[in-house]
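Throughout, this note's numbering is defined as the position within the sequence shown, counted from one, plus 1.
Treat the hints with care, as some may be off.
What the hints assert, rightly or not - Using 30 Å as the maximum straight-line C-alpha spacing, the simulated BS3-like pairs for lysine-lysine come out as follows: (1) Lys-59 <-> Lys-3; (2) Lys-190 <-> Lys-3; (3) Lys-190 <-> Lys-306; (4) Lys-315 <-> Lys-254; (5) Lys-306 <-> Lys-254; (6) Lys-190 <-> Lys-59.
Keep in mind that the hints were calculated from the coordinates and are not lab data.
Only a predicted model underlies this, so the values are computations on that prediction, with no experimental measurement involved.
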Amino acid sequence: MKISVVMAVYNGADYLEQSVNSILAQTYGNFEFIIVDDGSTDGTWEILSGITDTRIRKYRLPANCGTPIALNIAVEEAEGEWIAIQDADDISLPDRLTVQADYIREHPELIVVGSRISCIGESGIDPARLRRVESNLNYGLSRDELYRNRYFVCALCHGTALYSRARFFRAGGYDSVYRITHDYDLWLKLFQLGPIEKIDRVLYRYRVHSGSLSHHDGMATYTEKLSCGIRRLRQFEYGHRTGPIRVIVFANKGLIQMMANNVVPHCPVQVRSYYENQLHADTAWSLFNRGEVDGIILLQNPDRKALADYFQNKGMVINQHLFQL
Numbered sequence: 002m003k004i005s006v007v008m009a010v011y012n013g014a015d016y017l018e019q020s021v022n023s024i025l026a027q028t029y030g031n032f033e034f035i036i037v038d039d040g041s042t043d044g045t046w047e048i049l050s051g052i053t054d055t056r057i058r059k060y061r062l063p064a065n066c067g068t069p070i071a072l073n074i075a076v077e078e079a080e081g082e083w084i085a086i087q088d089a090d091d092i093s094l095p096d097r098l099t100v101q102a103d104y105i106r107e108h109p110e111l112i113v114v115g116s117r118i119s120c121i122g123e124s125g126i127d128p129a130r131l132r133r134v135e136s137n138l139n140y141g142l143s144r145d146e147l148y149r150n151r152y153f154v155c156a157l158c159h160g161t162a163l164y165s166r167a168r169f170f171r172a173g174g175y176d177s178v179y180r181i182t183h184d185y186d187l188w189l190k191l192f193q194l195g196p197i198e199k200i201d202r203v204l205y206r207y208r209v210h211s212g213s214l215s216h217h218d219g220m221a222t223y224t225e226k227l228s229c230g231i232r233r234l235r236q237f238e239y240g241h242r243t244g245p246i247r248v249i250v251f252a253n254k255g256l257i258q259m260m261a262n263n264v265v266p267h268c269p270v271q272v273r274s275y276y277e278n279q280l281h282a283d284t285a286w287s288l289f290n291r292g293e294v295d296g297i298i299l300l301q302n303p304d305r306k307a308l309a310d311y312f313q314n315k316g317m318v319i320n321q322h323l324f325q326l
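Put together the whole structure using the sequences plus the hints.
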């Protein structure tokens, strides 16, 4: 089973050698390593040029095109049937590929397998933030749990993924529209093609630092995630309908404003009403029950769990008419 490890790197000189060496030290033998420098200007290419290991193939883009495009190029160049992601500032534990390859052999129906992670934080990163990131990325294990929560959370830490190259192309690869949440989008598409699981073992060390896109602007990350999630749920859950879907949104005041200004204008959705709390649950249910809206979306809100329980008790089904994003 040949594995192609792929990496896209942009101005990643600080941690690049550690990351590359963690792959070169793998106990698994049958792999190649494809690295695409996405137009770096910080000495990244010079570091790569100094690495002579014959398992590595290096490509340099003339300008920064974005991670999704760089990764698509890497997967296009890959020769393996399975693709392993390695992010440029993270570390794979030495037996990562061995454990994942064995797991795929034992569960041949899987099209993607990830793992648990532990976090590495640079100096100055709040330890509480590291714990939150680690908890979020380790959320869910079984295929059923990951599938049920597919819109709510990103199913896998991107760098832990080992996925079928054939299914990747069938899903359409990485969408360059999503410069931050391209992994969340890819998992949503791959969930339509087969099961995804997470190994209950730490095989990857995820670095949290001030230079990461998601750390730099959390609201931009969440905005892009919402746009992606709504686009895909419209496609996959309401594909039989024509035109935009009609929804009610529950969220706090700040997210209502963000949703109205930055998400809805770019998505195939019409928002019938925005509500801030569960005092409006009966009204929302009546609108849905009368067929005036197609679904209800729950965003970050103190009442979200109570709302989800209320609507499910009314007979609404998660990921059919009721969505947590």
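**Study point:** Earlier hints that do not hold, by number
**Key:** Going through the list in order, the structure violates no hint and respects every one.
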